[in-house]
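> Spelled out, the chains give:
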Amino acid sequence: MIEAYPFLAPDFQSKEPKELSLLSIVSQSFFQPFSVDDNLLVIMTALTSGSGVGFNRAMLFRADGDKLRGGKWLGPRSPEEARMIWEVLSTPGLGYLEIIEHNRWLLSRDADAMTGKIAPLEFSLARDNLTIPVTAVAKNELLLVREASREPLVDPRFLQAIGVDEFLCVPLLAQGEVLGEIVLDNAFSRKRIEPKDVKLAGLCGLMAANYIYTATLHQRMVEMERMAALGEMAMFITHQIRNPLTAMGGFTDQLLNAPADEAKRRRNLEIIRREIRRLENVVYELAHFLKVDPSRRPEPFDLKRELRAVLQEMEPRAAAEGREIRADIDDLLPPVLGDPIAVGEVLRNLIVNAFEASPAGSRIEVAAERRDAAWVSVSVKDAGHGISPEARARLFSPFFTTKERGMGLGLLYVKRVMDACGGTIEVESEAGRGTTFRLAFRSREEGRAEA
Amino acid sequence: MKRILIVEDEEALCLLYEEELSGEGYDVTTARDAEQALEILKGERFDLIVTDIRMPGRDGVELITQIMGLRKEIPIVINTAYQSYRDDFMTWAADAYVIKSSSLDELKARIRELLAR
Chain A
1 MIEAYPFLAP DFQSKEPKEL SLLSIVSQSF FQPFSVDDNL LVIMTALTSG SGVGFNRAML
61 FRADGDKLRG GKWLGPRSPE EARMIWEVLS TPGLGYLEII EHNRWLLSRD ADAMTGKIAP
121 LEFSLARDNL TIPVTAVAKN ELLLVREASR EPLVDPRFLQ AIGVDEFLCV PLLAQGEVLG
181 EIVLDNAFSR KRIEPKDVKL AGLCGLMAAN YIYTATLHQR MVEMERMAAL GEMAMFITHQ
241 IRNPLTAMGG FTDQLLNAPA DEAKRRRNLE IIRREIRRLE NVVYELAHFL KVDPSRRPEP
301 FDLKRELRAV LQEMEPRAAA EGREIRADID DLLPPVLGDP IAVGEVLRNL IVNAFEASPA
361 GSRIEVAAER RDAAWVSVSV KDAGHGISPE ARARLFSPFF TTKERGMGLG LLYVKRVMDA
421 CGGTIEVESE AGRGTTFRLA FRSREEGRAE A
Chain B
452 MKRILIVEDE EALCLLYEEE LSGEGYDVTT ARDAEQALEI LKGERFDLIV TDIRMPGRDG
512 VELITQIMGL RKEIPIVINT AYQSYRDDFM TWAADAYVIK SSSLDELKAR IRELLAR
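As given, the protein sequences belong to chains A and B, one line each in that order. Quick note on the numbering used here: the first sequence kicks off at 1 and runs consecutively. Quick note on the numbering used here: the second sequence kicks off at 452 and runs consecutively.
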C-alpha cells in the first residue's frame with residue numbers, strides 16, 4: 001500500500017502540536033518568494049506568535065564584517081498592542097503574504113521606535129572583552145540571561161535598549177561563520193523562559209542560520225553567473241567592434257597612402273560606410289540587450305495585448321514580403337509574470353526570426369494558450385528548413401548566428417528575458433518541416449497561490 | 452614570388468588583405484572558411500598562412516591543428532579580433548599572433564619577418 005501525504009501546511013493556527021507547526025512555518029518560509037529580510041521576519045513572527053513558542057518580542061542582529069549590528073525588532077510596544085497583534089495573527093486563513101504585510105506595518109508605525117532603539121547598536125566580534133549579546137555568537141551557545149541588570153557581562157547599552165531582566169540569545173552561525181543573532185524576551189507576559197522554549201528557539205535558530213547561509217550562497221552564485229556572462233559579452237563585443245574597425249582603417253589607409261582612381265575611391269568609401277552602419281547596429285543591439293535586468297522583479301501584465309500589438313506591427317511587413325501570419329490567441333489568457341517591454345521585444349524577435357527563416361508565400365503560425373493553471377504558452381512556428389542538431393546545440397550561445405550580418409544576440413536575449421521572469425523556452429525542429437519556438441510564462445494566478 | 456594563403460570569413464577583410472599583401476609583393480590566395488582552406492592546401496603549396504580563429508563551421512584553432520599535421524614547415528600567423536585566444540595552448544603552435552586593428556602595419560611586419568627566416 002502506498003499513501004501520499006502533503007507536507008504539513010504552514011498554518012499559524014494549526015491544530016498540530018505547537019512545536020510541529022512552528023517548525024513547519026519556519027522551514028517552509030525558506031521557499032517563499034520574498035526577500036531574505038521578509039523571510040527572517042516571518043521566522044521571528046513564528047517565534048513570537050501565540051501558536052508558536054510564544055515569546056513576546058524578537059530582536060534580530062545581522063553580522064556585518066567583524067561587527068554585529070542591530071537590525072529589526074519585532075513585537076508590540078505595550079500590552080494593549082500585544083493583544084491587538086495576537087488578534088491579527090489569530091485570524092483564520094492567515095498566510096505568509098498577510099504575515100509579511102503585517103510585519104511591514106509593525107516596522108513602519110511611528111518609524112518603528114523599537115527598531116530605532118537597536119539599530120544604532122553595534123558590537124565588535126573580536127574575541128577580547130566579550131559582552132552579551134556578542135558572547136552567544138562568539139561561543140556559538142544559546143545563552144539564557146536572568147537578572148540581567150546584576151550581570152556584569154551584559155553590555156549596558158544593550159541592557160538599556162532591551163529594558164528587561166530576562167532574555168534568550170540565539171546565535172545564528174553556519175560553517176563557523178557568524179551570520180547574526182536573535183534575542184527573545186517576554187517583556188509583557190513576564191513569563192519565565194523555560195528550558196523547552198530554549199530548545200525550540202535553538203532549533204529555529206539553526207534553521208534560520210541555514211536559510212541565511214543558503215540565501216547568501218545563492219546571491220553569490222547569481223553574482224558569479226552575471227560576471228561570467230559579462231566576460232563572455234566583453235569578448236563578443238571586442239570581436240564585433242574590431243572587425244569593422246580593421247576594415248575601416250585598412251580601406252582608409254589605402255586612400256590616404258596611394259593615389260586611387262574614382263572607382264576605387266568610391267568602392268572604399270562604400271565599404272567604410274557599410275562598416276560604420278554595422279558598428280551602429282552593434283551599439284543598438286547591445287544597448288537593447290543590456291536593458292534586460294535579471295534582478296528586476298517580474299510583474300503581472302496582459303500578454304494578449306503585447307502579442308496583438310507585435311502582430312499588428314508586423315502586418316505591413318508580412319503583406320509587403322508575401323508571408324501570411326496566422327494567429328490563434330486564446331481570449332481568456334490570464335495575465336502572466338514578466339517585464340512587458342522585454343517580453344514584447346522577445347515576441348518581436350521570434351516573429352522576425354520566423355519571417356527570415358520562411359520562404360515567400362509561406363505561413364507563420366503564432367499561438368497563445370493557457371497550458372494549465374500555472375503556465376501560459378506562446379508558440380511561433382516558421383516554415384523554414386529547420387535547424388540542424390549541431391546548430392540547435394549552440395542556439396543560445398552568444399557567438400552563434402546563421403545570418404550573414406546577425407549579431408547572434410537575439411536568441412540569447414530571448415533566453416535571458418525568459419530566465420529573468422521564471423519562464424522557459426523550448427525549440428522543436430525537424431529538417432524540412434520548420435521550427436517551433438515555445439515560450440512558457442508563469443501565470444499570475446500561480447504567483448498568487450504561492451504567496 | 453612568396454605565396455600566402457589568407458583564411459578569413461569577412462568579405463571586406465578578405466578583399467583588404469588580398470589587395471594590401473599583393474601590394475607588398477606576395478601572391479595571395481583567399482579562403483572564406485576552414486574547409487575551403489584545407490581543400491586548397493591539398494593541391495597547392497604556400498609559404499605562409501594567415502588565419503582568423505572564430506569562423507562559421509570548423510574554427511581556426513582546429514584548422515591550425517590540421518594544417519600543422521599536414522604541412523609542418525609552413526609558418527602560421529593567427530590574425531584575430533580576440534585577445535583571449537592567446538592563452539589557448541593550441542594557438543602556441545602558431546608562429547605569430549596578431550590582433551586585428553585599424554592599421555595593418557603589424558600584420559605586414561610579422562609576415563615579412565617570418566618569410567625572411
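These are computed hints drawn from the structure, not numbers from a lab. You may find that some hints are simply not true.
16 Å max Cα-Cα, derived EDC-like pairs, lysine to aspartate or glutamate [claimed, not checked]:
id : chain 1 : residue 1 : chain 2 : residue 2
1  : A       : K264      : B       : E524
2  : A       : K199      : A       : D419
3  : B       : K523      : B       : E557
4  : B       : K559      : A       : D253
5  : B       : K453      : B       : E490
6  : A       : K304      : A       : E324
7  : A       : K264      : B       : E471
8  : A       : K291      : A       : E147
9  : B       : K493      : B       : E524
10 : A       : K191      : A       : E147
11 : A       : K264      : B       : E469
12 : B       : K453      : B       : E524
> All the hints need checking, so say for each whether the structure fits it.
Now for the hints, and whether the structure bears them out:
no.	hint	result
1	A:K264 - B:E524	violated, 37 Å
2	A:K199 - A:D419	violated, 41 Å
3	B:K523 - B:E557	violated, 24 Å
4	B:K559 - A:D253	holds, 14 Å
5	B:K453 - B:E490	violated, 20 Å
6	A:K304 - A:E324	violated, 20 Å
7	A:K264 - B:E471	holds, 14 Å
8	A:K291 - A:E147	violated, 58 Å
9	B:K493 - B:E524	holds, 15 Å
10	A:K191 - A:E147	holds, 14 Å
11	A:K264 - B:E469	holds, 15 Å
12	B:K453 - B:E524	holds, 14 Å
The structure shown violates the earlier hints numbered 1, 2, 3, 5, 6 and 8.
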